[in-house]
Amino acid sequence: MFKTFIIGIISGVAIAASLLYFIPVVDQHREASLVSVQANGGNTELFQVNLPHDRIVAGAAGRDAIPASLQWPEAAVLGDTQVELFKVRNRNDVVVGVASRISGTGTVSGSVLEWTLHLPARGTLYASMQPQPDDSGRWLGRLRAATREFADMTGSIHERRVSPTSTQDGEADFEGRIELVTALVGSSERSK
Amino acid sequence: MKYAVSWLAGAVLGVLLFLVAVYYNPIANRLTVSPLPVSGQPLADLAYSTVPAEAIAYTNNGDSRISPYPDKIAELWEPTVRKTTVLVTLLADGRGQAKGVGIKFASESENTSLLKGHALVDSAWHVYLPESGSLFVDQTENMWSYARNIVLPARWSSADSWRGTWHGVTTTGPNAIGTARVSGSSGRFADLTTEAVEAIDARAYSALQGPVSASGRLTIVAAEPVAD
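Read top to bottom, the protein sequences are chains A and B. Sequential numbering of the first sequence, starting at 585, is according to this note's numbering. Sequential numbering of the second sequence, starting at -4, is according to this note's numbering.
Isolated chain A, as found in the complex:
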């Protein structure tokens, strides 16, 4: 019986080790990546933010904060810095991540406008944009850094504002939509 007890101990250790090894502790929920292939290589993907529902935080000196209870720090160094935090949706209007948008005028950097898109199951994209929109109303930007699934990619991101009347008229509380379109090329495609 003592031998059975010892075998039980060994079995217990093996069972616990197997469970910890084979059953993932973290399993991030995934939505299918809605990627379109570009004619000249690479791929393009649309992300969107429905306003005001997807805005988590908006803070800047002298402006109404979101949420209203947010206390924007009274630090002179922040100047006209504006920070916004959003939920980000894919083309099918499903939330796939979160994003930050920071703008401001720095003493060394001049005008800055940047986006960071964090997609938990895929990776993070960091882009710097032109501070002013072009003639078609788009803010053009360049991918500065990316992680995991996007780590070896380069390319561009542009931001576009879609007014409420063009798509969702009838919804009184709809302010419009921010569209972010990525056009990325992987390192293996660049070398071809």
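FYI, nobody ran anything at the bench for these hints, they're computed from the structure. Here a beta-carbon is modelled for each residue, glycine too, at the ideal position from N, C-alpha and C. Check before you lean on any hint, since a few could be wrong.
[To be verified] Cβ-to-Cβ under 7 Å is the rule here; a few derived chain A residues that face chain B:
#1 H613
#2 E615
#3 V680
#4 T731
[As the list claims (entries may be wrong)] Rough simulated footprint, nothing fancy, chain B against chain A, three-plus residues with beta-carbon under 8 Å:
#5 624 to 632
#6 658 to 671
Fit chain B to the given chain A structure using the hints.
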């Protein structure tokens, strides 16, 4: 029958022994010394409070013991972002003077392996320092030591709290020497590619509220000092 009971008792003991071994795994000891000083390059420290109520904003899925801040901030309840937290915080230099704002995204990593003592978090910092420029930090953090030394003792304590002094470097990658990857974008950081590590100094933790007294420090190897 008695053999079955004997085997079952042994198996339960085996599972318990294994869990104790995982908990006390000596290989998973925390890193207390930053790998950066060996580089010999100038360093910059950006400090912030890890206490949500001392941040500008903090949000999670709303089910955590750590409450989102401030009131009525949108929670990340959707399935794709449920395991993600976002911290918006003021960043200060070594003298406590505000230098800019930082946003930290942190998501539980699928590479987490308790067998190896890896409670991994994929995190990213979006940092804007108006007097210096902007940058992005990509890192993998191992929170196992923090959980084992602070969070679990607080939950097991009859007072539902932990007090003490704990310092640990949480960054473990993605760079091979265990440092984070930094990409500069504007100002003095334009086109800069360098390294960073993040550390936590904890002094008090409540099992009911989360961190009560704790600070974080993002140490960046810089071409020029940005904060000190």
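Cross-check of the supplied hints:
1. H613: holds, 4 Å
2. E615: Check passed: Cβ of E615 (chain A) comes within 6 Å of chain B, closer than 7 Å.
3. V680: holds, 5 Å
4. T731: holds, 5 Å
5. 624 to 632: Since three or more residues must qualify, the claim that chain B covers the region 624 to 632 of chain A is violated, with 0 doing so at under 8 Å.
6. 658 to 671: holds (count 8)
In terms of the numbered hints stated before, the structure departs from hint 5 and from no other.
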